[in-house]
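Q: The opening position of the sequence shown corresponds to residue 1 in our numbering, with each subsequent residue numbered one higher.
Incorrect hints may have been included.
[Said to hold, decoys possible] So the derived label-pair ranges between C-beta atoms look like this: (1) Pro52 <-> Met21: 19 to 25 Å; (2) Gln4 <-> Glu34: 18 to 24 Å; (3) Tyr38 <-> Ile5: 21 to 27 Å; (4) Leu46 <-> Lys11: 20 to 26 Å; (5) Ile5 <-> Gly45: 19 to 25 Å; (6) Phe16 <-> Asp50: 17 to 23 Å; (7) Ser7 <-> Thr44: 18 to 24 Å; (8) Ile5 <-> Phe36: 20 to 26 Å.
[Unchecked claim] Here are the simulated lysine to aspartate or glutamate pairs, EDC-like style, with alpha carbons at most 20 Å apart: (9) Lys13 <-> Glu40; (10) Lys13 <-> Asp50; (11) Lys13 <-> Glu34.
Hint data in this document are derived by calculation from the structure and do not stem from the laboratory.
No residue lacks a Cβ here, since even glycine has one placed at the ideal position from N, Cα and C.
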Amino acid sequence: MDNQIISLFAKSKDVFFVMDMNNVVLHTNGAFRETFNYTEQDLTGLNIIDLPPC
1 MDNQIISLFA KSKDVFFVMD MNNVVLHTNG AFRETFNYTE QDLTGLNIID LPPC
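Between the sequences and the hints, there should be enough to build the whole structure, so can you do that?
A: Next comes the structure, spelled out in structure tokens:
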């Protein structure tokens, strides 16, 4: 990813995540992890469908 996009992604107070075509989580930002109380290790490689509904 472009450095500006990475910085925006990381510093944003909005919840962001990136997943692949198989719904597997590749990246999350701090706002996502803080809002849903997960660590990056908990989420990376997890299928987004396996997350409980909010």
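Q: Give a verdict on every hint.
A: Against the structure, the hints come out as follows:
Pro52 and Met21 have their C-beta atoms about 23 Å apart, which keeps the hinted 19 to 25 Å range intact. Hint check: Gln4 to Glu34, Cβ distance near 22 Å, so the stated range 18 to 24 Å holds. Taking 21 to 27 Å as the suggested C-beta distance range, the pair Tyr38 and Ile5 conforms, at roughly 22 Å. The hinted window of 20 to 26 Å between Leu46 and Lys11 holds, with their beta carbons roughly 23 Å apart.
Range check, Ile5 to Gly45: Cβ separation about 22 Å, and the 19 to 25 Å hint holds. Here the CB-CB span from Phe16 to Asp50 is close to 19 Å, well matched to the stated 17 to 23 Å. Remark: the range hint 18 to 24 Å for Ser7 to Thr44 is upheld by a beta-carbon distance near 20 Å. Remark: the range hint 20 to 26 Å for Ile5 to Phe36 is upheld by a beta-carbon distance near 22 Å.
At roughly 16 Å between alpha-carbon atoms, Lys13 and Glu40 fall within 20 Å of each other, so this suggested pair holds. For the hint pairing Lys13 with Asp50, the CA-to-CA distance comes to about 24 Å; that exceeds 20 Å, so the pair is violated. Under the criterion of a C-alpha separation no larger than 20 Å, the hint pairing Lys13 with Glu34 is consistent with the structure, at around 10 Å.
The structure shown violates just one earlier hint, number 10.
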